[in-house]
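Residue numbers (my numbering): 1 to 124.
Hints are computed from structural coordinates only; laboratory data are not their basis. A virtual CB, placed ideally from N, CA and C, is assigned to each residue, including glycine. You may find that some hints are simply not true.
[Said to hold, decoys possible] Here are the simulated DSSO-like pairs of lysine-lysine, each with C-alpha atoms no more than 30 Å apart in a straight line:
#1 K74 to K64
#2 K107 to K74
#3 K124 to K110
[Claimed, not checked] Restraint-style ranges between C-beta atoms, simulated for each label pair:
#4 G73 to K107: 18 to 28 Å
#5 K61 to S92: 30 to 40 Å
#6 Q66 to D26: 17 to 27 Å
#7 D60 to K40: 34 to 44 Å
#8 D116 to D36: 17 to 27 Å
#9 K54 to E91: 33 to 43 Å
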Amino acid sequence: MISVGEEIVIESKSPLTQYAVVFEDDGETGYFYGLDRSRKSNPILDALHIYNVKSVIDKDKPSKVQVVWSGDGKKALLVINRYPHAAFDFESSRSYCRTAFPPPDKKWSKFGNEWDDNVLELFK
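Whenever a hint applies, use it, and build me the whole structure from the sequences.
As structure tokens, then:
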């Protein structure tokens with residue numbers, strides 16, 4: 001459990017691949033990062049904005065943060081309080097986020113990062 005607005009970093013490594021994700025609340029914002037641990041100089045592939053602390057209505061309540069990995073270890077889903085907020089599909093170089101912010105790094109993906117409920121099919 002986390003408290004929104006309290007600084008925390010949660011890392012989750014793929015059980016099968018070199019990929020990892022990090023959820024970070026820096027006290028003002030929440031971000032979800034996709035990483036390729038085989039890249040030594042800068043492992044961050046993309047960063048997804050999850051929330052602004054001041055805009056979270058129920059920030060006074062503890063929140064459960066979970067990272068779900070696909071069976072092949074190439075996709076990660078961020079779930080907060082049983083609600084999917086963001087996902088990385090490392091195999092397809094795609095990111096998905098409810099806020100669709102910031103725009104994806106063009107080196108990482110030629111696609112936008114808007115949320116699509118169909119991404120949930122990758123985790124079934």
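Results for each hint:
1. K74 to K64: holds (23 Å)
2. K107 to K74: Holds - the C-alpha atoms of K74 and K107 are around 18 Å apart, at most 30 Å.
3. K124 to K110: holds (25 Å)
4. G73 to K107: 18 to 28 Å: For G73 and K107 the Cβ distance comes to about 22 Å; the hint holds.
5. K61 to S92: 30 to 40 Å: Since K61 and S92 have Cβ atoms about 35 Å apart, the given range 30 to 40 Å holds.
6. Q66 to D26: 17 to 27 Å: About 20 Å separates the Cβ atoms of Q66 and D26, which means 17 to 27 Å holds.
7. D60 to K40: 34 to 44 Å: The hinted range 34 to 44 Å holds for D60 and K40, with Cβ atoms some 41 Å apart.
8. D116 to D36: 17 to 27 Å: holds (22 Å)
9. K54 to E91: 33 to 43 Å: Between K54 and E91, where Cβ atoms are some 36 Å apart, the hint holds.
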